[in-house]
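S.K.: Turn these sequences into a full structure, and let the hints steer you where they fit.
First to last, the sequence lines map onto chains V and X.
The opening residue of the first sequence carries number 1 in this note's numbering; numbering runs sequentially from there.
The opening residue of the second sequence carries number 318 in this note's numbering; numbering runs sequentially from there.
Bear in mind the hints are in silico, worked out from the structure with no lab data behind them.
Heads up, the beta-carbon is just placed ideally off N, CA and C, and yes, glycines get one too.
Treat the hints with care, since some could be wrong.
[Claimed, not checked] In the DSBU-like style, the derived pairs of lysine-lysine whose C-alpha atoms are separated by at most 30 Å in a straight line are:
1. V:K71 with X:K468
2. V:K85 with X:K468
3. V:K59 with V:K74
4. X:K468 with V:K59
5. V:K74 with V:K85
6. V:K94 with X:K468
[Said to hold, decoys possible] Some chain V residues close to chain X (C-beta under 7 Å, calculated; not the full set):
7. P14
8. V15
9. F18
10. V19
11. G75
12. P143
13. W146
14. L251
15. V256
16. V271
17. I289
18. A290
19. F293
20. I294
[Stated by the list, open to error] Every beta carbon over 12 Å from chain V, so not counted as near; a handful from chain X, in silico:
21. L337
22. D377
23. S425
24. P523
25. P557
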Amino acid sequence: MLRYILNRMVYLIPVLFFVSVVVFSFMHLIPGDPVDYMLGFESTPETRAALRSELGLDKNIVIQYLSWSGKLLKGDFSKSVVSRKPVLSTILEKLPASILLSIAATLISVWIALFAGTIAGSRRGSPIDFLVLILALLWVSIPSFWLGILLIMIFSLVFPIFPSIGYVNLFTDFVRSLHHLILPAFTLGATMAGAVTRMTRSEIIEQLSKDFVTTAWAKGLSRRVVIYKHVLKNALVPVVTFTGLQLGTLLGGTVVVEEIFAWPGIGRLVVQSIHARDYPMVQGIVLFIAVIFILVNLFVDISYAFLNPQIRLGSKD
Amino acid sequence: MENSTLSQAWGDYEIKTSSLMWKRIVGNKMFVVGGIVVFILVLWAILAPVLTQYDPTKMDFSSKLASPSWKHLMGTDHFGRDIFARIIYGARISFQVGIATVLIGFVSGIIIGAIAGFIGGFWDGLIMRIMDSLLAFPPLLLAIGLAASMKPSLTTVCISIGVVYIPRFAYVMRGSVLVEREKEYVEAARAIGQSNTKILLKHIWPSCISPVIVLATVIFAIAIIAEATLSFLGVGIPPPAPSWGTMLSESRRYLSSSIYPALFPGLAISIAVLGSNLLGDGLRDILDPRIYTKIK
Numbered sequence: 001m002l003r004y005i006l007n008r009m010v011y012l013i014p015v016l017f018f019v020s021v022v023v024f025s026f027m028h029l030i031p032g033d034p035v036d037y038m039l040g041f042e043s044t045p046e047t048r049a050a051l052r053s054e055l056g057l058d059k060n061i062v063i064q065y066l067s068w069s070g071k072l073l074k075g076d077f078s079k080s081v082v083s084r085k086p087v088l089s090t091i092l093e094k095l096p097a098s099i100l101l102s103i104a105a106t107l108i109s110v111w112i113a114l115f116a117g118t119i120a121g122s123r124r125g126s127p128i129d130f131l132v133l134i135l136a137l138l139w140v141s142i143p144s145f146w147l148g149i150l151l152i153m154i155f156s157l158v159f160p161i162f163p164s165i166g167y168v169n170l171f172t173d174f175v176r177s178l179h180h181l182i183l184p185a186f187t188l189g190a191t192m193a194g195a196v197t198r199m200t201r202s203e204i205i206e207q208l209s210k211d212f213v214t215t216a217w218a219k220g221l222s223r224r225v226v227i228y229k230h231v232l233k234n235a236l237v238p239v240v241t242f243t244g245l246q247l248g249t250l251l252g253g254t255v256v257v258e259e260i261f262a263w264p265g266i267g268r269l270v271v272q273s274i275h276a277r278d279y280p281m282v283q284g285i286v287l288f289i290a291v292i293f294i295l296v297n298l299f300v301d302i303s304y305a306f307l308n309p310q311i312r313l314g315s316k317d
Numbered sequence: 318m319e320n321s322t323l324s325q326a327w328g329d330y331e332i333k334t335s336s337l338m339w340k341r342i343v344g345n346k347m348f349v350v351g352g353i354v355v356f357i358l359v360l361w362a363i364l365a366p367v368l369t370q371y372d373p374t375k376m377d378f379s380s381k382l383a384s385p386s387w388k389h390l391m392g393t394d395h396f397g398r399d400i401f402a403r404i405i406y407g408a409r410i411s412f413q414v415g416i417a418t419v420l421i422g423f424v425s426g427i428i429i430g431a432i433a434g435f436i437g438g439f440w441d442g443l444i445m446r447i448m449d450s451l452l453a454f455p456p457l458l459l460a461i462g463l464a465a466s467m468k469p470s471l472t473t474v475c476i477s478i479g480v481v482y483i484p485r486f487a488y489v490m491r492g493s494v495l496v497e498r499e500k501e502y503v504e505a506a507r508a509i510g511q512s513n514t515k516i517l518l519k520h521i522w523p524s525c526i527s528p529v530i531v532l533a534t535v536i537f538a539i540a541i542i543a544e545a546t547l548s549f550l551g552v553g554i555p556p557p558a559p560s561w562g563t564m565l566s567e568s569r570r571y572l573s574s575s576i577y578p579a580l581f582p583g584l585a586i587s588i589a590v591l592g593s594n595l596l597g598d599g600l601r602d603i604l605d606p607r608i609y610t611k612i613k
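M.R.: This is the structure we're talking about:
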């Protein structure tokens, strides 16, 4: 197991290197002079020269990359062009709001998926199964930003039950925080729920064909006990792993959902930074999220290997 | 004598692959429904100038935020532009992006995947680590980062989304090539002196293409949503181009006055993506390698 973990971590080194190269290249894809683009033509030559020097853009590209990546390794993600605050501290300031939204969305997604997927899988071929499949396909097809707009229309304008914008810290006012959280979390979670529902349904169908289920039926156990106590428990491992792997979809979705609901997380921050042409901030956020994504995938891989001996024993070959 | 027995046996053993394949295509409800939906939308996009008299970018402040009527089938937006016209011209943008994105990802991905899978060893490792680094980003975030760094245009959007999905095509192609290269027909081709290039292009490639084609339909649907998302966030196709995402973004400020500028673009995106998803799911079932055979 330790060897498997070390193998996976060593494999990450070239991946992290290439990730840093991709993020580094963002600044150099900008047409023309990136400093002029960021500061605009109203800025003075002195300001432009100072920023060029700060970002290392007056040096050779290889030196630029080495200097930039060297600073990254020390935790220096450079400074925001707009606020002049360190990028990393700004990201960490906004991170809790995004984490809260992501956790709430994942919980909603998993609950919807487990409920719908179990009912559909245990009644394969029935009208309920067909309905769940259609709904799951619809959930996958509806863009999250449209769903968010529809929910705002219905639950904030027509029936003013939930606020359309705003964030309250969970520890400041728990009830108000949940009240503001429901619409954005549902929007984000529903987007993921379609894919996870289909996965849950497939796993339930597969588990129902196993010998232990035949034994359970033969013993005269009730349908509820067979499905919820035996089948669902076995189906949960791949479903949870799949949910973990949906993190990429979730992180991309937070950018859009935070923008719609004015949720002050890192997703909204990246959109604001793009419009403000704050490229050090954009680079910092994208790199930060990519590293989180890589680490979470590593954790999911290791957890799955821990739960499934075939994976870790297979790696020895 | 023996030859006539063999030919008779072969004659008795009739493989109706092509007719059975046709039956599978028309019998697969998802493929048929998805195909019809996508066909209708493509037809709309092509026949846009015929289907509407309105210029999708022409403003008419005298009829802004109008409700649906015979004059404006889906109403008008905050600039008085006909929403129906913008929807069907927007279909052109969505399908252009979908097709271009798939082509970029498909062509690049299958070349990279085929080379990596066939050569193996150090180069396979290096190429796939580069692919892994692109996969390490949440797809939408990488597309946003790339699109925001370049000059906003249709080309930028196509490249940004296409590049993001190259690794997926590469991995699927590589997986298929790894399986095929170990098969006996490849060994036989090597034994008769065929070059690696010929083996790859003539023998291995055709056997590996089916799963990549299925992936292409999935990526097509994703590309439509991705373009709409980029435009919604303001880093996609710039206004006044009638991108469905831009239409949705602009509609937010006027929700309390009129729901139609938000309703119809969202419906259009959902229907286009649903049709593409159904087409992809159906195609996956049809291209299942277990081909029917029939013995007389």
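S.K.: Any hints this thing doesn't respect? Which numbers, in order?
M.R.: As far as the earlier hints go, only 11 is violated by this structure.
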